[in-house]
Amino acid sequence: GENVEQHPSTLSVQEGDSAVIKCTYSDSASNYFPWYKQELGKRPQLIIDIRSNVGEKKDQRIAVTLNKTAKHFSLHITETQPEDSAVYFCAARNTDKLIFGTGTRLQVFP
Amino acid sequence: DVKVTQSSRYLVKRTGEKVFLECVQDMDHENMFWYRQDPGLGLRLIYFSYDVKMKEKGDIPEGYSVSREKKERFSLILESASTNQTSMYLCASSFATAATNEKLFFGSGTQLSVL
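Sequence lines, in order, name chains A and B.
Residue 1 is where the first sequence starts when you use my numbering, and the numbers rise one by one after that.
Residue 1 is where the second sequence starts when you use my numbering, and the numbers rise one by one after that.
FYI, nobody ran anything at the bench for these hints, they're computed from the structure.
Among these hints, one or two may not hold up.
[Unchecked claim] BS3-like, lysine-lysine: derived pairs with alpha carbons at most 25 Å apart:
1. K42/A with K13/B
2. K68/A with K13/B
3. K71/A with K103/B
4. K53/B with K103/B
5. K97/A with K3/B
6. K70/B with K68/A
7. K3/B with K70/B
8. K97/A with K22/A
9. K70/B with K97/A
10. K53/B with K37/A
11. K3/B with K53/B
12. K57/A with K103/B
13. K97/A with K53/B
14. K58/A with K103/B
15. K97/A with K103/B
16. K42/A with K103/B
17. K103/B with K22/A
18. K55/B with K97/A
19. K68/A with K42/A
20. K55/B with K71/B
21. K13/B with K97/A
22. K71/A with K37/A
23. K53/B with K42/A
24. K103/B with K71/B
25. K37/A with K3/B
26. K37/A with K22/A
27. K68/A with K58/A
28. K22/A with K57/A
29. K71/A with K42/A
30. K97/A with K42/A
31. K22/A with K71/A
Please model the entire structure based on the sequences and the hints provided.
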């Protein structure tokens with residue numbers, strides 16, 4: 001089955017800096033890669049996703065890149081703000097299941 | 001707004017008890033999922049369902065069962081609760097798998113403590 005690895009587990013950045021979170025997946029048949037953000041005490045919410053026929057997708061300060069050959073995808077947050085502080089989960093969908101990574105706790109310091 | 005409602009925010013049970021976690025969604029979603037969330041382990045899929053009376057095992061189904069008698073309701077059952085089932089349980093729902101509609105909507109979670 002699919003296995004998703006996510007790094008780093010924690011990430012601290014200064015406000016205004018960029019943050020990058022990386023994930024790798026094992027099953028080359030996976031074709032959908034979403035990112036979820038979970039603020040403290042709240043439910044996870046989808047922030048961006050990418051499909052296997054696209055290499056990059058941007059939405060304001062966040063972007064996701066996908067390298068199908070290497071089977072890895074990354075979340076990029078530019079000009080980080082304190083409200084970006086949260087746990088971020090990557091995921092990969094293979095046939096009928098969405099498999100999540102172990103999460104990255106991002107802290108943005110003012 | 002889609003609402004996924006989990007019946008309890010916090011639950012404390014004793015070892016060996018039978019535990020029911022209820023989840024209801026109001027958007028006529030076909031798909032429903034149960035995940036557990038543990039620090040350092042992320043979200044792990046326990047069971048999922050794509051239709052009424054249909055269920056599929058996820059990655060960690062041992063010690064759990066599910067019930068989906070109605071489209072809007074998906075129940076997670078711990079037949080005999082054990083301390084290693086202490087966790088945050090998250091229910092989620094989505095439309096049927098499609099090219100443009102795969103977003104998961106999560107409930108607010110049930111923090112279960114088994115003593």
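For each hint, the structure was consulted:
1. For the proposed pair K42/A and K13/B, the alpha carbon gap of about 23 Å is at most 25 Å, so the pair holds.
2. Straight-line distance between C-alpha atoms of K68/A and K13/B comes to about 45 Å, which puts the hinted pair past the 25 Å bound.
3. At most 25 Å may separate the alpha-carbon atoms for a hinted pair to count; K71/A and K103/B meet this at roughly 22 Å.
4. Between K53/B and K103/B the CA atoms are separated by roughly 22 Å; this keeps the pair inside 25 Å, and the hint holds.
5. This hinted pair checks out: K97/A and K3/B have alpha carbons roughly 22 Å apart, not beyond 25 Å.
6. For the hint linking K70/B to K68/A, the alpha-carbon distance of about 39 Å lies beyond 25 Å, and the restraint is violated.
7. Simply put, K3/B and K70/B have alpha-carbon atoms about 16 Å apart, close enough for the 25 Å limit, and the pair holds.
8. Taking the CA atoms of K97/A and K22/A, the gap is about 20 Å. The hint holds against a cut of 25 Å.
9. The suggested pairing of K70/B with K97/A holds, with an alpha-carbon distance near 21 Å, which does not exceed 25 Å.
10. Taking the CA atoms of K53/B and K37/A, the gap is near 31 Å; set against the 25 Å cutoff, the hint is violated.
11. Simply put, K3/B and K53/B have alpha-carbon atoms about 22 Å apart, close enough for the 25 Å limit, and the pair holds.
12. Restraint check: the Cα-Cα separation between K57/A and K103/B comes to about 16 Å, which is no more than 25 Å; the hinted pair holds.
13. Straight-line distance between C-alpha atoms of K97/A and K53/B comes to about 18 Å, which keeps the hinted pair within the 25 Å bound.
14. At most 25 Å may separate the alpha-carbon atoms for a hinted pair to count; K58/A and K103/B meet this at roughly 17 Å.
15. As the CA atoms of K97/A and K103/B are separated by approximately 13 Å, the hinted pair is consistent with the 25 Å bound.
16. Of the pairs offered as hints, the one joining K42/A and K103/B holds, with about 17 Å between alpha carbons and a cut-off of 25 Å not exceeded.
17. Of the pairs offered as hints, the one joining K103/B and K22/A holds, with about 21 Å between alpha carbons and a cut-off of 25 Å not exceeded.
18. Taking the CA atoms of K55/B and K97/A, the gap is about 12 Å. The hint holds against a cut of 25 Å.
19. Taking the CA atoms of K68/A and K42/A, the gap is near 32 Å; set against the 25 Å cutoff, the hint is violated.
20. A distance of roughly 12 Å separates the Cα atoms of K55/B and K71/B; the hinted pair therefore holds under the 25 Å criterion.
21. For the given pair, K13/B sits about 30 Å from K97/A by alpha-carbon distance, which is inconsistent with the 25 Å threshold.
22. The straight-line distance between the Cα atoms of K71/A and K37/A is roughly 22 Å, inside the 25 Å bound, and the hint therefore holds.
23. Distance restraint check for K53/B and K42/A: the Cα-Cα separation of roughly 30 Å exceeds the 25 Å cut-off, and the hinted pair is therefore not satisfied.
24. Straight-line distance between C-alpha atoms of K103/B and K71/B comes to about 18 Å, which keeps the hinted pair within the 25 Å bound.
25. Straight-line distance between C-alpha atoms of K37/A and K3/B comes to about 18 Å, which keeps the hinted pair within the 25 Å bound.
26. A C-alpha spacing of about 14 Å is found between K37/A and K22/A, which places the hinted pair at or below 25 Å, so the restraint holds.
27. Taking the CA atoms of K68/A and K58/A, the gap is near 18 Å; set against the 25 Å cutoff, the hint holds.
28. Between K22/A and K57/A, the direct Cα distance comes to roughly 15 Å. Compliance with the 25 Å bound is thereby established for this hinted pair.
29. Of the supplied pair hints, the one linking K71/A and K42/A is violated, its CA atoms being roughly 30 Å apart against a limit of 25 Å.
30. In summary, the hint linking K97/A to K42/A is supported, as the alpha carbons are separated by about 23 Å, within the 25 Å threshold.
31. For the given pair, K22/A sits about 11 Å from K71/A by alpha-carbon distance, which is consistent with the 25 Å threshold.
The earlier numbered hints that this structure contradicts are 2, 6, 10, 19, 21, 23, 29.
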